[in-house]
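Here the protein sequences come in this chain order: Y and D.
So the first sequence is numbered by UniProt numbering: it starts at 1 and just counts up by one.
So the second sequence is numbered by UniProt numbering: it starts at 1 and just counts up by one.
Any given hint could be a false lead.
Given that identical chains are not distinguished, each listed pair holds provided it fits within a single copy or across any two copies.
[Stated by the list, open to error] Derived pair list, reagent style SDA-like, types lysine to any residue, alpha-carbon separation capped at 20 Å:
# : residue 1 : residue 2
1 : Lys183    : Gly28
2 : Lys42     : Asn59
3 : Lys172    : Asp40
4 : Lys134    : Ala60
5 : Lys42     : Val55
It should be emphasised that the hints constitute simulated quantities derived from the structure, not laboratory data.
2 protein chains.
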Amino acid sequence: MSNTPATAAVLVIGDEVLSGRTRDSNSGYIAQYLTNIGIDLKEVRVVADDEAAIVEAINALRARNTYLFTTGGIGPTHDDITADSVAKAFGVGIDHDPRAVAMLRERFPNAADLNEGRLRMARIPFGADLIANKVSKAPGFRLENVFVFAGVPSIMQAMLDEVGPTLAAGVKVLSESVRADAKEGDIATPLGAVQKAHPGVAIGSYPFVDEGGFNTNIVIRSRDPEALAAAKAAVEAMLAGLR
Amino acid sequence: MSNTPATAAVLVIGDEVLSGRTRDSNSGYIAQYLTNIGIDLKEVRVVADDEAAIVEAINALRARNTYLFTTGGIGPTHDDITADSVAKAFGVGIDHDPRAVAMLRERFPNAADLNEGRLRMARIPFGADLIANKVSKAPGFRLENVFVFAGVPSIMQAMLDEVGPTLAAGVKVLSESVRADAKEGDIATPLGAVQKAHPGVAIGSYPFVDEGGFNTNIVIRSRDPEALAAAKAAVEAMLAGLR
C-alpha cells in the first residue's frame, strides 16, 4: 500500500443514458467497490456513442488518474465503438485477437453462430490484456491504466471482480453518518467550526426531506479511525449543544 | 425553433455521489426533461467538492454547449462551494445579493433565523439572474449559459420548471423501442445493414437479461416521424426474416 491513494475515473459510454431512457447504475457500483478498497474515485463522465467524444474523454481521464474504467459499447452491434475509440486514443492498431476469438469459440462452438457480428467482440487494440468474463465469455480488456468493461451490469461486475485484486488497494476511507434532526441552515456555522478544528476529516452535510420537513445527514470521512471518532464526537457534542 | 438543436451538459457536484453513498438521480431527471423539449444532452460529469475540479469542468462544458446545468453545492454549509466556483470560473466577484437576501427574509422573517450560514445561500456571482424556488426559497442562479441548481431533487426540479420555458426548445427526438426476442450477436450484422440504409435515424442496440437469457432492445431515434416509421418497419421486417 502506498501513502498516496490511487485515484480513478469512470467513463460511461452510451446514448441511452444521455437520453434519459436508461439510468446508469454501473458508476455507482464501481464507486462503492473502489471506496471499499481505498481508491479515490475523482470523476465520472457520461458521453454519447461518438468517437471524438469518447477519445477525448479517455485521453483526459487516463492522464490524470491512476485508473480509468469505461463501461459500455463493446458488444457486437454497429453502435459499439468503444474498442476502436480506445485504439484511436492510444494511437495503436486494432484487429481480431486470437485469444479473444478462442474465448468466443468456447461459447459458440458452432461455427455458424460465431458470425461477423460476434467476431466484432474479438476486436482488441494491440498491446491490450484481455479481461475474462464468466457471464458471456466476450472479454473486456486493459490497455495501460485503462480498463474497458461491458455495459450490461452483470457482465461489468464480473469483469470488475476479475481485475479488482490487481488494483493498488489503499487504506479504506472510513465514514460515519450522523442524522442531525436539524435543518442545515441551523447548524451550518457551528458545523463549519467543527470542520476547521478537525482538518484530518472531511465533513459533508446532506439535506433531505422527511415527514418533519428539512433534515440533515452529516457524513464524516477519514482514513484515520481516531480522527474520525474525534470528529464524530465533536459533531454530536455540537448538535447536543443546540438542543 | 432553430434548425440546429441546442445542446446541454450536466455537472453534478458532490463527494457523496463519488463515494457511492448517494445515487445521483438529478442527471437522469434533467436528461428526460431535455429530451422532451428537443435539447440534446451531450455529456454528464460528476466531480468532487473541489474548487479546481469544479472550475475546470464549468469552463470546459459551458464553452462547448448551449447550456450547462449544475446541481449541488449551493446550501448553507462549509462544503457548499459551487457559487464561489462559478464566480471564479467566470472571473467575476461574488457577494451577498440583496434580491436573494430578500427571498430568504421572506422564508425566515425572524432575524435570528437568518444566520450567517443561511446568508451564505444569498452569495451570488455578480451579473447573475436569480432562479426562484418555491420549495425552500433559497434561489439558484443563471450566469450567461450556466444554470446553477440545488442538489435536493425536489428543489432542483422546481428550479428546472422555473427556467424550462426560457430554454431554446427544439424539435423533439422521437423514439420507438422494439424488443428483438433475439440475442444481440444474432442480429448485429443485419441490424447494421438497416442502420446503413436509414442514415436519418440513430439505431441503438441494448442487450439485457430476461428469464430466457440474453435478449435485446432495439431503440430507433429520429426527429423525423416518417424516417422513424420507415426504420422501425425495416427493423421489424429484419427480425421477422430471422424467424
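Quick rundown of the hints versus the structure:
no., hint, in the structure
1, Lys183 with Gly28, "neither (27 Å within a copy, 27 Å between copies)"
2, Lys42 with Asn59, "both (15 Å within a copy, 18 Å between copies)"
3, Lys172 with Asp40, "within (9 Å within a copy, 39 Å between copies)"
4, Lys134 with Ala60, "neither (31 Å within a copy, 39 Å between copies)"
5, Lys42 with Val55, "both (19 Å within a copy, 14 Å between copies)"
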